[in-house]
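J.: Below, each chain spelled out in residue letters.
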Amino acid sequence: MPKREFETLTPQMFYILLVLYKPMHGYEIMNEISRITHNEISVGAGTLYTLLPKFERELYIKLVKEENKRKIYQITPLGKRKLYKEKERMEKQIALFKQMEEII
Amino acid sequence: MKNKYVLKSSLFLDDELVDYLNHMSQKGWKLDFMGYYYKFIPCNQSYKFQIDYNEQTEEYLEILNDYGYEEIKCGFDFHVYANKNLYAPDLNTEDILVIHYKLKKFSISKSVISFVLAIISFFLAKMLLKDIFLIGKGAYYYNPNSFWIGILFAVIMLIFIVLAIYNLSARRLLKKGIGRLKLLKTITIIKDTILIIIMVSLFIYNLINGVFFKFDFLVEVALTFIIVCGLEYFLRKLGSKKFIIFIEMMVLIIISPILTNINNVFKNHTEKTDEKIMIADFPVNDDITSRFDTSYTKVVEFEHNTNIMDITREPILSKECYIECKNRETANEVFKYIVIQADKDNRELIDYQAFMKDKNRNTWSDDEISYRNYKQSLSGYKKVDHYYINENYVIMLHNNKIVQVYIKDNDDIDMILQKFVDFNL
Chain V
594 MPKREFETLT PQMFYILLVL YKPMHGYEIM NEISRITHNE ISVGAGTLYT LLPKFERELY
654 IKLVKEENKR KIYQITPLGK RKLYKEKERM EKQIALFKQM EEII
Chain G
7 MKNKYVLKSS LFLDDELVDY LNHMSQKGWK LDFMGYYYKF IPCNQSYKFQ IDYNEQTEEY
67 LEILNDYGYE EIKCGFDFHV YANKNLYAPD LNTEDILVIH YKLKKFSISK SVISFVLAII
127 SFFLAKMLLK DIFLIGKGAY YYNPNSFWIG ILFAVIMLIF IVLAIYNLSA RRLLKKGIGR
187 LKLLKTITII KDTILIIIMV SLFIYNLING VFFKFDFLVE VALTFIIVCG LEYFLRKLGS
247 KKFIIFIEMM VLIIISPILT NINNVFKNHT EKTDEKIMIA DFPVNDDITS RFDTSYTKVV
307 EFEHNTNIMD ITREPILSKE CYIECKNRET ANEVFKYIVI QADKDNRELI DYQAFMKDKN
367 RNTWSDDEIS YRNYKQSLSG YKKVDHYYIN ENYVIMLHNN KIVQVYIKDN DDIDMILQKF
427 VDFNL
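Protein chains in written order, with this note's numbering: chain V, 594 to 697; chain G, 7 to 431.
Check each hint, because a few of them may be wrong.
[As the list claims (entries may be wrong)] Chain G regions said to be covered by chain V (calculated; three or more residues, Cβ under 8 angstroms): (1) 30-40; (2) 145-151; (3) 195-204.
[Unchecked claim] Over 12 angstroms on every C-beta distance to chain V, these chain G residues come out as not near it, computed from the model: (4) Leu70; (5) His85; (6) His106; (7) Leu174; (8) Thr230; (9) Gly236; (10) Asn313; (11) Ile356; (12) Arg367; (13) Lys414.
If you're looking for bench data, these hints aren't it; they were derived computationally from the structure.
We put the beta carbon where it would ideally sit given N, CA and C, even for glycine.
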């Protein structure tokens with residue numbers, strides 16, 4: 594288990610941050626993730642509403658406005674940096690995998 | 007069909023719990039309440055159950071409503087939802103978040119608080135049980151209540167130790183991940199079993215001894231109930247349930263001596279007046295500090311100002327007591343206890359006075375003076391007729407009665423002895 598909660602992002606965490614490049618509320622986030630992943634990844638409402646306040650505390654996302662009691666969030670520059678770090682980590686893993694494949 | 011009640015502990019295995027609830031609904035039993043017991047009501051259809059840890063904001067509840075989830079009453083700090091649609095989306099799809107939530111429940115500070123409370127309980131138990139272990143049954147006969155309250159604190163200490171160890175173990179297991187939750191469930195069952203055994207034993211003991219029907223107990227329960235209800239009423243808007251319970255516990259701990267005193271006021275009013283005749287002439291000057299009836303003794307204690315100042319310039323108080331024992335045999339044992347205790351008190355006072363005069367000694371502690379056995383203690387007294395006298399005390403045993411009086415100065419002795427003679431008559 595990672596020492597810090599968001600030391601590495603799980604796929605669900607990754608996609609939540611990714612779809613928040615566009616401001617949206619919880620319901621839209623869940624639908625958007627299902628859409629872009631062709632229903633391969635679905636985020637439960639419980640998981641999403643646990644993560645949103647945590648991401649907000651970590652300053653990865655910010656509350657943009659509230660509409661009809663629905664909170665609309667958007668990714669922050671810090672959140673984007675986190676996504677890039679995650680991308681680099683995954684690319685490293687893929688590169689290492691490719692190297693291993695060539696050796697075998 | 008009537009309702010069904012089940013005792014079950016599955017709080018750490020959400021999947022196992024959800025499977026069980028789903029299975030029960032397939033068998034025609036829908037969960038209606040979850041707490042330390044589960045209540046099931048008959049149902050005609052299957053449900054999909056979910057355990058959830060989220061705060062119920064308006065936005066979140068709206069989504070749950072859209073999904074078709076209804077809330078089931080739950081006595082724990084998580085939520086249980088049921089859905090008629092068996093294909094409704096799962097609420098929690100990330101195990102790691104559930105583990106993080108559960109870790110919060112087993113914080114290090116909880117273990118530290120449990121250990122601190124265990125240490126406090128240990129010292130209270132030690133204070134109350136010390137005389138009984140060091141002197142023997144005389145101390146028990148003198149005040150058996152003290153022994154049982156000491157045992158109660160020892161039990162409370164055990165409970166806090168169990169809770170602290172459990173908390174630390176749970177934390178460790180949760181950190182190791184989902185795979186260890188089965189083990190956590192096992193140790194939770196062991197912890198709950200230990201706690202239930204302790205609680206049931208205490209309840210049975212109190213029931214057998216009629217504690218629940220005693221006036222003191224009923225008055226304290228009534229006063230506690232009134233205070234808790236009052237605090238609940240005034241604090242309900244201030245914060246979370248946990249915060250209110252914490253404040254209530256703190257207030258009860260702080261005012262518990264006051265509760266006992268109020269109780270004594272009630273008790274003194276209800277006592278028979280003829281008991282007051284027994285203590286008519288004792289002590290010479292001071293007020294009663296405590297008065298208790300036990301199954302072996304009737305005791306009246308006084309505190310006497312010795313006019314010796316301690317380091318903080320407060321006067322040292324000396325104990326005097328009048329004791330009527332159940333029979334001669336009990337009186338002999340209590341007498342031994344009084345002799346040993348007064349011998350220690352006497353040596354303490356002498357040593358303290360010597361310390362005050364000795365400029366080479368910088369520190370003094372009553373821990374340095376320990377109890378001597380009965381024979382050694384008795385050798386410290388001079389026997390005059392039926393009275394045992396040392397530098398500070400006169401003790402008398404007559405049939406089943408014992409009196410211990412502090413000698414203020416030598417002039418007092420004749421007067422005290424005369425009172426003993428009157429008392430014997």
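J.: Determine for every hint whether it applies to the structure shown.
T.: Here is how each hint holds up against the structure:
1. 30-40: n = 0 at 8 angstroms, threshold three: violated.
2. 145-151: violated (count 0)
3. 195-204: That given contact is violated, which follows from only 0 residues of the stretch 195-204 of chain G lying within Cβ reach (below 8 angstroms) of chain V.
4. Leu70: 7 angstroms, violated
5. His85: 9 angstroms, violated
6. His106: For His106(G), whose nearest Cβ neighbour in chain V is about 6 angstroms away, the distance does not exceed 12 angstroms, so it is violated.
7. Leu174: 17 angstroms, holds
8. Thr230: 38 angstroms, holds
9. Gly236: Correct as stated: the minimum Cβ-Cβ distance to chain V is 35 angstroms, above 12 angstroms.
10. Asn313: 64 angstroms, holds
11. Ile356: Its Cβ never comes within 12 angstroms of chain V, the nearest being 62 angstroms, so this holds.
12. Arg367: Holds: least Cβ distance 55 angstroms, greater than 12 angstroms.
13. Lys414: 69 angstroms, holds
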